[in-house]
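Each chain, letter by letter, is given below.
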Amino acid sequence: MIFSPLTILWALPMAGGALALALALRSGRRAGAWSIFISLVVLAFCAFLPWREGAALAVTGPAWAYGIHYSLSMDGLSWVMCLLNAFLTVISLIASLGEERSAGYWASFLFLEGALMGVFLTADLFLFYVFWEIVLIPMFFIIGLWGSANRKHAAVKFFLFTFFGSVLMLLGILALVTLRHRATGVWSWDMQGLKGVASGPAAWAIFAAFVVGFGVKVPIVPLHTWLPDAHTEAPAAGSIMLAGVMLKMGVYGFLRIAIPVFPDLSWHLLPWLAAIAAINVIYGAFCALAQSDLKRLVAYSSIAHLGFCLIGVFSRTTEGLAGGTLQLINHGITTGALFLMVGILYERSHKRGIRDFGALFAQAPWLTFFFSVSILASIGLPGLNGFVGEFMSLAGAARVLPVLAVAGVVGVTLAAVYALPAYQLVFWGDRGPSSVSSHVTDLSAREQALLWVLCLAMLYIGLHPSGLLSVITPATKGLAL
Amino acid sequence: MSAAVLGGLLAPQMVLAAGVLGVLGAGMAAFNPKFIKSLMILAILGAFALAFGARPGAGDALIGLDGLGFSWQLVFYAAALPLAFLMAAESEVAPALVLGSLLGLGLLAVSANLLMLFIGLELMSLPAYLLVARSRGGAQNSVEAAIKYFFVGGAAGGLYLLGLALYYFTQKTMAFAGAASLGAQAGVALMGSAALFKVGAFPLHFWLPDVYEASDPELTGFLSTALKAGGILLLMRLAALSPAGPFARALPWFGAATMLFGAVLALRQERLQRLLAYSSMAHAGNIVLGVGAWAALGATPGAAVAVFFYLAAYLFMNNGAFSFLKASGAKTRADLRGLGARSPETASAFAILLLALGGVPPTAGFLAKLLIFWEAFKAHLYAPLLLAALGALLALGYYLALLKDLYFEDAPAAAPQLETGSGLAVLWTCAVPAAVLGVAPWILTYMSRLLAL
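Sequence lines, in order, name chains A and B.
So for the first sequence, the numbering used here puts the first residue at 755; every next one is plus one.
So for the second sequence, the numbering used here puts the first residue at 11; every next one is plus one.
Just chain A, with the same shape it has in the complex:
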């Protein structure tokens, strides 16, 4: 059996994308409407999926060869990631309505959505790798075809960097599968039951391969250099998907594979992993501080925010794991909103520099309002979503490695240091002689609607985090020590 609701979840967007290409060779507008329709159906389908913890919908097809199975399953972690993916795809697509786009553009986003669903759903390492890589192809075209000035370079760099990590990850996967065969005599690519198959130097090498493989996606410093280029050059909707969903694949990989397979080793290496996470937080913040380009600032802030997720996850406490995972969702929503608004600014004025604007408040009060909410959520104001995730991550870290929590708190402070002055300059500061603020018109009804949804989601998670946490915690607490 390969048919299950989970199959629909990844196959429907892909089929929708293929149809968009087939149907709308003449009119990009029709393809856009069709794609938005499909993405809404997928979102509703995902939201109302009757999954439950313990693999109610899991499906395993017949063996292909060498123990490769088509096998999908869904737990709370998968569900929230799929939901985030479906949600942000809808946002990205509707946000793209402002410009005339070809059918290929719309189809790329649906292919991307389907491949990401596959990554989050699969329970077979072969399939995982295949989906993991397919993700690159639509994003390569989204950046390279519809990005801004330096898009060609950014697209190739993005693909090569992430492929480098993937190849290492593939070697790690191959090693695990081969070692399991040596131990049990069975070829199997199942993600379950890999704990303990590798030991000694082999375990170290495989774990290192995973850290690099997943780390490129997160991205961890110093494997991050593809990110600022890709995020800055991608079209706004592409940046939303890149930062909102694709970065999460890396942390998801840690949660789904690296830590479950090597629970002891990843605990043993906690100081080193914690150092990586702390460096991400601090380094990302300082880089953001140095930016004069608003989009690049948001891109670098993603590195810092993902560092918080890693702090929580690596702490291996119940609250840290749940908080780190929740922070993945939070960052998706908040950064999605920020990239959306930076994209709107760019669309109106063709500028992204912090000093190109000034006193936008007078010009665009709604934009100012939504930007204020989002930036406050981003720096972790209590009552909004970012606070919950960061607080839980740091609380978890404080229990196992207090110095890590200190680094995190420094990072929280730095977030305010890099975000607020930029925000102040753009929206409230004086207009310089080259200011393009006068070109910026306020949000249209469509843009307002999108941002209302995003900001209400921030507020909802901030005030009532237990809704999502009750889904996430059962799935992640098994990793806690």
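Treat the hints with caution; some may be incorrect.
Below, computed lysine to aspartate or glutamate pairings styled on EDC-like, alpha-carbon distance capped at 16 Å [stated by the list, open to error]: (1) A:Lys1231 <-> A:Glu807; (2) B:Lys341 <-> B:Glu280; (3) A:Lys1105 <-> A:Asp1047; (4) A:Lys906 <-> B:Glu419; (5) B:Lys44 <-> B:Glu100; (6) A:Lys906 <-> B:Asp420.
A few chain A positions that, by computed beta-carbon distances, are all more than 10 Å from chain B [claimed, not checked]: (7) Ile790; (8) Leu899; (9) Leu914; (10) Thr932; (11) Trp1026; (12) Pro1119; (13) Phe1123; (14) Leu1155; (15) Thr1167; (16) Leu1174; (17) Leu1197; (18) Ser1224.
Treat the hints as calculated values from the structure; they're not laboratory data.
Beta carbons are placed, not taken as given, at the ideal position from N, Cα and C, and that holds for glycine.
Please build the complex by placing chain B on the supplied structure of chain A, with the hints as guidance.
Just chain B, lined up with the frame of chain A:
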């Protein structure tokens, strides 16, 4: 050994031999060149069908068919079809040469003896030299390249004979009888270096870029798939003589070096055919690594799935890429610019092939690389494996650069006009399998069955 059994084993070769005679006769009788071309295609299809229907078995001292030979024969004949369909219908000469080269490949597949292998090797190569010399579509002086090819091929043949003499001197036989003594090992190494010449493995590759660039694109497709598969089969036969011997143990390193060398040089090429020539060298490196791993794991024919699948996938990917060159008339990277906007269908087929050549899932090229890497893992060949992984990354660099030209660059003011014709049909016939074979691993089960026949 009854003549009937031998006849059954040699049926495809007989069809090819008859095809050579028939084509030449039709030429002398001044038949329409198109008819002659169809005759050649029919002979190849017939040989493929008969090879598919053959049942492996022992023949006599010279001839025998095992699963390896059986499977490789399918690759040889299938790899000749794109050339057969795409070549210009002019005279009887080229069809006769193609069929003659295939006859040599067919003999290579059924050889059960080192001397027969040599005959197959020479018969597959001689027509290829002439085919290269007759090429007019390549970028370089084809006669010069053909002479280079000829001399290098002659040197390789000489090495082979020298090795064979040494082998015979120590083993007192030319059958596949292992390599017990040092002299026999040296003989295997000498014969093996001839195979490495044919495969274009570093450092015996120097003829390859010039020859591949000087030939017509569709001929280069044939040389880089069918003839290379022949070289690989030769390599496997020799490695199997002494799977733990020094020659077999050196193969992974040859493979990794070839992979890296080809990938690095391909990165800087502007001319497409030369780029694809170096890229085919990189692929050959992967395959040689696979052969080395296969030998290290015991060199049993049934275990050669990884190499077999790689060659089968490569047959589609590379012939597809060269048929694109033929169909589009593109010579340099600049000619590709803006093609994605100008003719989206052709460009998307080529894009699929590029992703497959680069080994990106879910294409066939991915599964092929995965299987080779996996073999290397099982054989504990970690260092060559890491080098090959690095090579795969470099290789992706130039395939992405071509994708960038196709889609992200604007068309130049004077863009070359695309021809459309049979090239497109071959292009798609190659692109579709290259796209889907990677997510159809059941094909591996099927291939193992063929190899174990």
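Hint-by-hint comparison with the structure:
no. : hint                    : in the structure
1   : A:Lys1231 <-> A:Glu807  : 12 Å, holds
2   : B:Lys341 <-> B:Glu280   : 9 Å, holds
3   : A:Lys1105 <-> A:Asp1047 : 9 Å, holds
4   : A:Lys906 <-> B:Glu419   : 8 Å, holds
5   : B:Lys44 <-> B:Glu100    : 8 Å, holds
6   : A:Lys906 <-> B:Asp420   : 11 Å, holds
7   : Ile790                  : 23 Å, holds
8   : Leu899                  : 6 Å, violated
9   : Leu914                  : 6 Å, violated
10  : Thr932                  : 5 Å, violated
11  : Trp1026                 : 22 Å, holds
12  : Pro1119                 : 39 Å, holds
13  : Phe1123                 : 38 Å, holds
14  : Leu1155                 : 33 Å, holds
15  : Thr1167                 : 39 Å, holds
16  : Leu1174                 : 37 Å, holds
17  : Leu1197                 : 31 Å, holds
18  : Ser1224                 : 35 Å, holds
The structure fails to meet hints 8, 9, 10 from the earlier list, while all remaining hints are met.
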